[in-house]
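Protein chains: 2
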Amino acid sequence: MIGEEKIRRLAVKNSAKILLIVLDGVGDIPSAGGGTALEEASTPNLDALAGESQLGLTVPVDIGITPGSGPAHVSLFGYDPLKHEIGRGVLEALGVGVELTPEDLAARANFATRDENGVITDRRAGRIPTKENERLCAMINGSMGDIGDVRVKVYPGKEHRFVVVFSGPGLSDSLYDADPQETGKKEKFVESSDPASEKARDTANEFIKRLQEILKDEAPANTCLLRGIAKSPDILKMQELYGLTPCAIATYPMYKGLARLVGMDIAEGVSTVEEEIRELSKRFSEYDFFYMHVKKTDSYGEDGNLESKIKEIEEFDRLLPRILELNPEVLCITSDHSTPAVMKSHSWHPNPILIKGPHMRRQEASGFSENSCLKGVLGSFYAKDVMQLLMSHAGKLSKYGA
Amino acid sequence: MIGEEKIRRLAVKNSAKILLIVLDGVGDIPSAGGGTALEEASTPNLDALAGESQLGLTVPVDIGITPGSGPAHVSLFGYDPLKHEIGRGVLEALGVGVELTPEDLAARANFATRDENGVITDRRAGRIPTKENERLCAMINGSMGDIGDVRVKVYPGKEHRFVVVFSGPGLSDSLYDADPQETGKKEKFVESSDPASEKARDTANEFIKRLQEILKDEAPANTCLLRGIAKSPDILKMQELYGLTPCAIATYPMYKGLARLVGMDIAEGVSTVEEEIRELSKRFSEYDFFYMHVKKTDSYGEDGNLESKIKEIEEFDRLLPRILELNPEVLCITSDHSTPAVMKSHSWHPNPILIKGPHMRRQEASGFSENSCLKGVLGSFYAKDVMQLLMSHAGKLSKYGA
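Chains as they are written, first to last, in the working numbering: chain A, 85 to 486; chain B, 85 to 486.
Hint data in this document are derived by calculation from the structure and do not stem from the laboratory. Any given hint could be a false lead.
To be verified - Here are the simulated lysine to any residue pairs, SDA-like style, with alpha carbons at most 20 Å apart:
{"#": "1", "chain 1": "B", "residue 1": "Lys428", "chain 2": "A", "residue 2": "Glu88"}
{"#": "2", "chain 1": "B", "residue 1": "Lys167", "chain 2": "A", "residue 2": "Arg446"}
{"#": "3", "chain 1": "B", "residue 1": "Lys167", "chain 2": "A", "residue 2": "Arg93"}
{"#": "4", "chain 1": "B", "residue 1": "Lys440", "chain 2": "B", "residue 2": "Val426"}
{"#": "5", "chain 1": "B", "residue 1": "Lys237", "chain 2": "B", "residue 2": "Lys269"}
{"#": "6", "chain 1": "A", "residue 1": "Lys101", "chain 2": "A", "residue 2": "Ser464"}
{"#": "7", "chain 1": "B", "residue 1": "Lys459", "chain 2": "A", "residue 2": "Gly451"}
{"#": "8", "chain 1": "B", "residue 1": "Lys428", "chain 2": "A", "residue 2": "Gly451"}
{"#": "9", "chain 1": "B", "residue 1": "Lys459", "chain 2": "A", "residue 2": "Arg93"}
{"#": "10", "chain 1": "A", "residue 1": "Lys97", "chain 2": "B", "residue 2": "Ile350"}
{"#": "11", "chain 1": "A", "residue 1": "Lys483", "chain 2": "B", "residue 2": "Tyr466"}
{"#": "12", "chain 1": "A", "residue 1": "Lys483", "chain 2": "B", "residue 2": "Gly463"}
{"#": "13", "chain 1": "B", "residue 1": "Lys440", "chain 2": "B", "residue 2": "Ser464"}
{"#": "14", "chain 1": "A", "residue 1": "Lys483", "chain 2": "A", "residue 2": "Glu123"}
{"#": "15", "chain 1": "A", "residue 1": "Lys440", "chain 2": "B", "residue 2": "Ser450"}
{"#": "16", "chain 1": "A", "residue 1": "Lys483", "chain 2": "B", "residue 2": "Asp286"}
{"#": "17", "chain 1": "A", "residue 1": "Lys459", "chain 2": "B", "residue 2": "Pro114"}
{"#": "18", "chain 1": "A", "residue 1": "Lys459", "chain 2": "B", "residue 2": "Lys237"}
{"#": "19", "chain 1": "A", "residue 1": "Lys459", "chain 2": "B", "residue 2": "Val426"}
{"#": "20", "chain 1": "B", "residue 1": "Lys167", "chain 2": "A", "residue 2": "Lys440"}
{"#": "21", "chain 1": "B", "residue 1": "Lys459", "chain 2": "A", "residue 2": "Glu448"}
{"#": "22", "chain 1": "B", "residue 1": "Lys167", "chain 2": "A", "residue 2": "Met444"}
{"#": "23", "chain 1": "A", "residue 1": "Lys90", "chain 2": "B", "residue 2": "Lys459"}
{"#": "24", "chain 1": "B", "residue 1": "Lys167", "chain 2": "A", "residue 2": "Lys459"}
{"#": "25", "chain 1": "B", "residue 1": "Lys459", "chain 2": "A", "residue 2": "Glu89"}
{"#": "26", "chain 1": "A", "residue 1": "Lys459", "chain 2": "B", "residue 2": "Gly463"}
To be verified - Facing chain A, from chain B, some residues (calculated, C-beta under 8 Å):
{"#": "27", "residue": "Asp146"}
{"#": "28", "residue": "Ser258"}
{"#": "29", "residue": "Glu386"}
{"#": "30", "residue": "Ser431"}
Beta carbons: idealized from backbone N, C-alpha and C, even for Gly.
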């Protein structure tokens, strides 16, 4: 990528629409005796589309590096993932709809249980029901009070998960998690790795102690674990960087949070791919950039469930014609990272990518799979450069230099 | 690229000759129902050469970025085009043969016309004849005088175009053009975006006012527009960076200017490809690096004239044996950027590249086209790295590290 200052200089507005569809974790490696999910799935619509598109492979963050969802998406949105690190706490906070300011520090928290000796007996407090979580969060917000000049607020998530936001001056985030990682171990408190983060450390630890006091008569949750404590990254919005009016259509909080971070408007209340497409159609005239996220290809990969991953791809393929009807000037279908079912985890393998738009070179390989993409006319490149390509195909980037 | 300090350390001199031929804008995309210019052209000599060379694709500046001629050439000459930005004024000045010093500020200027209210009535002063341009420039040089401690000189170009060079201490170039961009709009003066550039701003605006005074009784040109006002980049010569003795053979001023910028000797008085080859032969024993520029493949691309672009390629192919007779140790044929005839403009698509020299891997694709190059043994890489490859094939780069 040519850098934010230069991109801003070259970006021009026009009416062309860019649609970026992320099939989360769809990239795969072959299972024993079989193919990858994309190879095994029957995808007549994707295959036909691939025949009139350009194919390639993208490296999500760097060669051989397995990315989390944060950096993998940051790259696809056209930002350098090595420059813009996004703490897990920040992602969670954005996911529950909190708008963070540069003063804020966010942590991902679990309700948990401890015994009288401070040994963690359940890191998830028996996965308490979300309703119970909401009740506990209300109690905490009612009784916590400020910690010095720092305001504290907690936000319930699902089951045992919640988010803490610390708001005040002088909070830095060189911090280690307050989480022993295993049940049966002694509880941990936050530690800091530089003097500038000591105030944040002390504030977080005071929060844990007050929370233990507030919940002392509660069961099963009588403490919490704090993880991924981080400040919101100072990141330029897509509006400023690319001159786009962007909209995100996603079902899971974290992806909405990632999109909100770079300035996207968020479609709320959407929970299936069909609903996502309906929302996309409804909003299609209002924006010039759409990010649509399909979650379950990743979830089934994480579960090691190749069969369901294949079915999810086939379901997307069945719905694809409804997307094509919208006729965006530039369409991109890719994954943020690979989630091979045989690995049951994210991996470093490059993402298959398909781009259809004006001004294409001839694509000779066909079908949409890891191996057809390897032979693709786009070659292999870094995911952080995808936006430059989409912008140029859409006529939204002027010439660099004379 | 490994960086200038390391390249200087590794560069060694020997007698091997490198010939870099730039078929400007030759890279293409397929026309409707047809192929690219390289595919459509009948090029028996290029095809035979491709069969005994290595092929690949280069990204001129970055994925999806359309480069101007400046950055596209800077890359090919082995410099980072994102680090060395070259203002349009500088290119124009170099093109008319001005040797710029680090104190100089150069602007690309148009003779134009304004009415008594300062509204621009013709941005090109009716494309006045070059002779007339020369007369006006002589008048201006005769009457302008110094502006404070800044000397000013103008140089006629073709038709309405000329170059202004401001020479003096303390001139910085964070400046905006003095050009309303459209006729019928009020004239503009130069503005600066930082305090360090205020002296340059004031000097440029005083120049415009004095010029208006000098030309007040002239028609059709009674004012000027100033664009691309810039200082000469502080760039290491190829002699220092690569230890080469370089020579440029080009027909158009801008390309000679670019070559002069990196220290090349310039062959003057050459206006056709045949003359370029004659000049190349004549100078072949004197230098160890030659850059030969073929302009018209780009010009016809810009015109959307695929047929003439094809003919220009065929004409080059016909002359190619005379070049091959010279038997340079390393021969490279490529474009600086693509200029697809169907787009009538530069584009971001990678450049086909052919390199013949000692120590090649086996090339399995054949013919010289965008798609044979996609399958080439060199793969896809950044144009700024081409020089490293040419230097190594020529035995002019020693090992990095022990």
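Comparing the hints with the structure gives:
no.	hint	verdict
1	B/Lys428 <-> A/Glu88	28 Å, violated
2	B/Lys167 <-> A/Arg446	32 Å, violated
3	B/Lys167 <-> A/Arg93	15 Å, holds
4	B/Lys440 <-> B/Val426	30 Å, violated
5	B/Lys237 <-> B/Lys269	28 Å, violated
6	A/Lys101 <-> A/Ser464	24 Å, violated
7	B/Lys459 <-> A/Gly451	18 Å, holds
8	B/Lys428 <-> A/Gly451	31 Å, violated
9	B/Lys459 <-> A/Arg93	34 Å, violated
10	A/Lys97 <-> B/Ile350	41 Å, violated
11	A/Lys483 <-> B/Tyr466	17 Å, holds
12	A/Lys483 <-> B/Gly463	25 Å, violated
13	B/Lys440 <-> B/Ser464	16 Å, holds
14	A/Lys483 <-> A/Glu123	38 Å, violated
15	A/Lys440 <-> B/Ser450	27 Å, violated
16	A/Lys483 <-> B/Asp286	29 Å, violated
17	A/Lys459 <-> B/Pro114	18 Å, holds
18	A/Lys459 <-> B/Lys237	55 Å, violated
19	A/Lys459 <-> B/Val426	25 Å, violated
20	B/Lys167 <-> A/Lys440	32 Å, violated
21	B/Lys459 <-> A/Glu448	11 Å, holds
22	B/Lys167 <-> A/Met444	29 Å, violated
23	A/Lys90 <-> B/Lys459	32 Å, violated
24	B/Lys167 <-> A/Lys459	32 Å, violated
25	B/Lys459 <-> A/Glu89	34 Å, violated
26	A/Lys459 <-> B/Gly463	11 Å, holds
27	Asp146	5 Å, holds
28	Ser258	13 Å, violated
29	Glu386	12 Å, violated
30	Ser431	7 Å, holds
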